[in-house]
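Protein chains: 2
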Amino acid sequence: MVKARAYGHSLRAALAGLGQTDGFALLDLDDARWLRSQGWDKPILLLEGLFNEDDLNSVIELKCDLVVHCEEQLRWLERQNHPITVFLKLNSGMNRLGFSPDQYRLAYHRLHSAGHRVNHMTHFANADRVDREPSVGSQMECFTQTVEGLKGETSLANSAAVLWHRNALGDWVRPGIMLHGISPTGVYRDIEHAHLKAVMTLTSKIISVQDLKAGDAVGYGSRYRAPKAMRIGIIACGYADGYPRHASDGTPLWVYGPNDKSHGVLCPIAGQVSMDMLTIDLSNAPWATVGSTVELWGKNLAVDDVAGHAQTIGYELVCAIAPRVPVEII
Amino acid sequence: MVKARAYGHSLRAALAGLGQTDGFALLDLDDARWLRSQGWDKPILLLEGLFNEDDLNSVIELKCDLVVHCEEQLRWLERQNHPITVFLKLNSGMNRLGFSPDQYRLAYHRLHSAGHRVNHMTHFANADRVDREPSVGSQMECFTQTVEGLKGETSLANSAAVLWHRNALGDWVRPGIMLHGISPTGVYRDIEHAHLKAVMTLTSKIISVQDLKAGDAVGYGSRYRAPKAMRIGIIACGYADGYPRHASDGTPLWVYGPNDKSHGVLCPIAGQVSMDMLTIDLSNAPWATVGSTVELWGKNLAVDDVAGHAQTIGYELVCAIAPRVPVEII
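Taken in sequence, the protein lines are chains A and B.
Taken in order, the first sequence gives residues 1 to 330; the numbers are from our numbering.
Taken in order, the second sequence gives residues 331 to 660; the numbers are from our numbering.
Treat the hints as calculated values from the structure; they're not laboratory data.
Please note: incorrect hints may appear among the correct ones.
Some chain A residues flagged as far from chain B (calculated, every beta-carbon gap over 12 Å) [unchecked claim]:
{"no.": "1", "residue": "31"}
{"no.": "2", "residue": "57"}
{"no.": "3", "residue": "72"}
{"no.": "4", "residue": "97"}
{"no.": "5", "residue": "98"}
{"no.": "6", "residue": "211"}
{"no.": "7", "residue": "220"}
{"no.": "8", "residue": "246"}
{"no.": "9", "residue": "257"}
{"no.": "10", "residue": "311"}
Which chain A residues stay away from chain B? Per the calculated CB distances, all over 10 Å, these [claimed, not checked]:
{"no.": "11", "residue": "187"}
{"no.": "12", "residue": "305"}
{"no.": "13", "residue": "316"}
The calculated lysine-lysine pairs, modelled on DSSO-like cross-linking and capped at a C-alpha distance of 30 Å, are [said to hold, decoys possible]:
{"no.": "14", "chain 1": "A", "residue 1": "63", "chain 2": "B", "residue 2": "535"}
{"no.": "15", "chain 1": "B", "residue 1": "629", "chain 2": "B", "residue 2": "535"}
{"no.": "16", "chain 1": "B", "residue 1": "372", "chain 2": "B", "residue 2": "543"}
{"no.": "17", "chain 1": "B", "residue 1": "558", "chain 2": "B", "residue 2": "543"}
{"no.": "18", "chain 1": "A", "residue 1": "205", "chain 2": "B", "residue 2": "535"}
{"no.": "19", "chain 1": "B", "residue 1": "393", "chain 2": "B", "residue 2": "535"}
Predicted model, so just to flag it, every value in this text is computed and none were measured.
Cβ coordinates follow ideal geometry from the N, Cα and C atoms, glycine included.
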C-alpha cells in the first residue's frame with residue numbers, strides 16, 4: 001500500500017525501497033502512470049477503483065487492476081469489453097466501502113459474466129484491538145460465508161491483521177503503515193517486537209535561543225511559563241510544515257549531541273506550536289545553540305511517540321509533511 | 331502575510347487577490363523569486379530573515395527586505411556592503427524570535443553603522459485574548475521604550491491586533507489569516523462583524539452510501555454506532571488530504587441541495603476520519619447519493635467551525651491541504 005505518496009514518504013522512495021513487492025496499491029491514476037513510466041511492470045491496484053467512467057481508458061492503457069465497491073462502478077465495468085482484474089469489495093462490517101453480503105454474489109456474477117477476472121476483498125475495522133465489534137473473527141466469518149464456492153483470489157489483511165491475525169491473511173496481504181516502521185495502533189511499543197524500523201527522519205535546526213527568567217512566558221497564548229531561569233530553543237518547523245499543532249508541552253524532540261550524531265537527548269516542547277516554528281526547553285542540552293540539529297521524529301524518536309502527545313497516530317503525521325519540506329531519499 | 335503558500339491558498343491566488351497591497355511578507359526565497367518572476371516590484375519581506383549567509387546574494391538580486399532576529403544574522407549583515415532594508419525584531423515578551431530589550435539598541439546601531447536602513451518590529455503573544463500576560467499593552471510599552479529616539483518605521487500588528495488593538499498598528503501592519511476570512515481566535519463569530527468572508531472552499535463528493543441497521547458500527551475502532559436505521563455517506567476526503575483526523579462525531583459538513591447549489595444542509599461526521607475517506611450521517615439529506623457534492627468548509631461552513639470540532643484553529647486546517655487536492659483559483 002503506497003497511497004498518500006507512500007504515507008508521506010514519496011512514491012519514488014517507495015519504489016526504491018519496496019520494488020521487490022508483488023504489487024503496489026494506491027489511489028490516483030497519476031501515480032500509476034508515474035510507476036509505469038519508471039518501468040514498473042507488476043500489478044498496480046487502484047484501491048478505490050474508478051471515480052468516473054472516463055478513466056477506464058487510462059486504466060486499460062496502464063494495465064491497472066480495480067477495486068469495485070459500488071453499483072456505479074459495477075455498471076461501468078459491465079459496459080466494458082476489455083477484461084479487467086477486479087477486487088470486488090465486501091462490506092463485512094466496516095460500513096465504509098463495499099457491497100453488503102446480500103448484494104455481493106450477484107455483483108460477482110455480473111462482473112464474471114462481463115468477462116472480468118474477479119477476486120475477493122474486505123477490510124477490517126478492528127484488527128488493532130480486541131474489545132470492539134465487529135471483530136476480525138466475525139468479519140472473517142461473514143467473508144468466508146459470502147464468497148463460499150466463488151472462484152477468485154482473496155485479500156483481507158491490513159497492517160494490523162498482518163501483525164496480529166495470521167489466520168486472516170488471504171492470498172494478497174495489504175501492509176501499509178507497518179512498511180514504514182510505524183504502528184497501526186499508534187503505539188510504537190506494539191510493533192517493537194516485530195523489528196520494524198522507522199523509515200522517515202524529520203530534522204530541522206535551532207534558529208534562535210532565548211534566555212528566560214522565572215515567570216517569562218513563551219509563544220502564543222503564553223501557554224508555557226518558565227518555572228526557573230532557562231534556555232528556550234526555537235526550531236524552524238511548525239504546523240505549516242506538518243508538525244502537529246496539537247503537540248502538548250512535554251512532547252519530546254531529539255537534540256543531537258555536540259560532536260556525535262549518534263548521541264543526543266530528548267528535550268520537551270515548551271509553548272504552543274506556531275505556524276513556522278516551535279519552541280523547546282533546552283535544559284537537557286546545554287551545548288545546543290543556533291545551528292544545532294534536532295530530530296522531530298525518526299530513528300531516535302518514534303513518530304508514534306510524538307503522535308501520542310498530539311492525541312493522534314503516526315499515520316496522520318507522516319502524511320501531513322508539507323511540500324515546502326525538502327526531502328532527501330537515502 | 332502570505333507565508334505557508336498564503337496559508338494554503340497558493341501564492342498565485344494571493345497575488346491575484348491581494349496585488350494592491352504595499353508589500354508581501356513570506357519565508358522562502360523561492361517564493362520571493364516566483365513573485366519577482368510575475369512582475370511584482372513592490373517590497374518583499376523575508377519574515378525569518380536569512381537562514382544562512384550564502385543566501386545574501388539572492389536577497390540582493392531579488393531586492394528583498396530582511397527581518398534580523400539574532401546575533402548570527404546581524405553578523406552576516408555587518409559583513410555586507412550592499413545596503414539592505416531591515417526590520418530589526420524586538421523580543422518584547424513573545425520569547426520566540428528577536429533581541430531582548432537590553433540587546434536591541436546596540437543591534438540597531440551596528441546595523442545602522444554597516445549602512446543598512448533599519449526599521450523596528452515586534453510580535454504580540456496575546457492580541458487575541460485579554461486574560462494573559464504579556465498583554466498587548468505591556469508589549470507596546472516595552473517596544474516604545476526600547477526604540478525611543480531611534481529612527482525607522484515600525485511594524486507591530488498581526489491579524490488579531492489589526493482587528494482588536496487599533497492603537498497598536500505601527501507604520502506597517504501584518505494581517506495574515508484575516509485576509510483569508512478566517513479568525514485569529516479560531517472562532518468565526520469573532521470576525522463575523524468585520525465582514526470578512528471565507529476565501530477557500532474545499533469540496534468533495536460522495537463515493538458510496540451504506541444503509542445501516544440500528545447497532546451497526548462505522549469505520550475504524552467502530553467509534554460511531556447507528557442508533558437507528560440510517561444512511562451513511564462516504565466522502566472522498568481524509569486526513570491524507572489535510573482534513574483533521576481529530577474531527578469528532580458531530581463535526582458538520584455541508585451537503586448541497588438536490589437541484590440548487592445555493593441551498594444545502596449540515597450533516598454530521600459519523601465515525602473516525604480515515605486516511606482517504608470520511609463518513610457522515612445523511613439523515614438530513616435524503617436526496618444525497620453517489621456523486622453528490624459536499625463542502626468540507628468554505629462559504630457555507632466556516633473553517634473555524636470545523637476546526638473547533640477538531641480542537642484546533644482554522645490556520646492549521648487551511649495550511650494542511652495536501653498537494654494531491656486539485657486547486658482551482660476563481
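We went through each hint and held it up to the structure:
1. 31: Label violated. Min Cβ-Cβ 9 Å, cutoff 12 Å.
2. 57: The claim holds: residue 57 of chain A sits with its nearest Cβ about 20 Å from chain B, beyond 12 Å.
3. 72: Answer for residue 72 of chain A: violated, closest chain B Cβ roughly 5 Å.
4. 97: Per Cβ check, residue 97 of chain A is inside 12 Å of chain B; nearest 5 Å; violated.
5. 98: Incorrect as stated: the minimum Cβ-Cβ distance to chain B is 8 Å, not above 12 Å.
6. 211: About 8 Å separates residue 211 of chain A from the closest Cβ of chain B, which leaves it inside 12 Å; violated.
7. 220: 6 Å, violated
8. 246: 7 Å, violated
9. 257: Holds: least Cβ distance 21 Å, greater than 12 Å.
10. 311: 7 Å, violated
11. 187: 14 Å, holds
12. 305: 17 Å, holds
13. 316: The assertion about residue 316 of chain A is violated, with a minimum of 5 Å to chain B.
14. A/63 <-> B/535: With Cα atoms ~26 Å apart, residue 63 of chain A and residue 535 of chain B stay inside 30 Å; holds.
15. B/629 <-> B/535: This hinted pair holds, its Cα atoms lying about 17 Å apart.
16. B/372 <-> B/543: 62 Å, violated
17. B/558 <-> B/543: 6 Å, holds
18. A/205 <-> B/535: Violated: residue 205 of chain A and residue 535 of chain B sit about 41 Å apart, past 30 Å.
19. B/393 <-> B/535: 45 Å, violated
Of the numbered hints stated above, those contradicted by the structure are hints 1, 3, 4, 5, 6, 7, 8, 10, 13, 16, 18 and 19, listed in ascending order.
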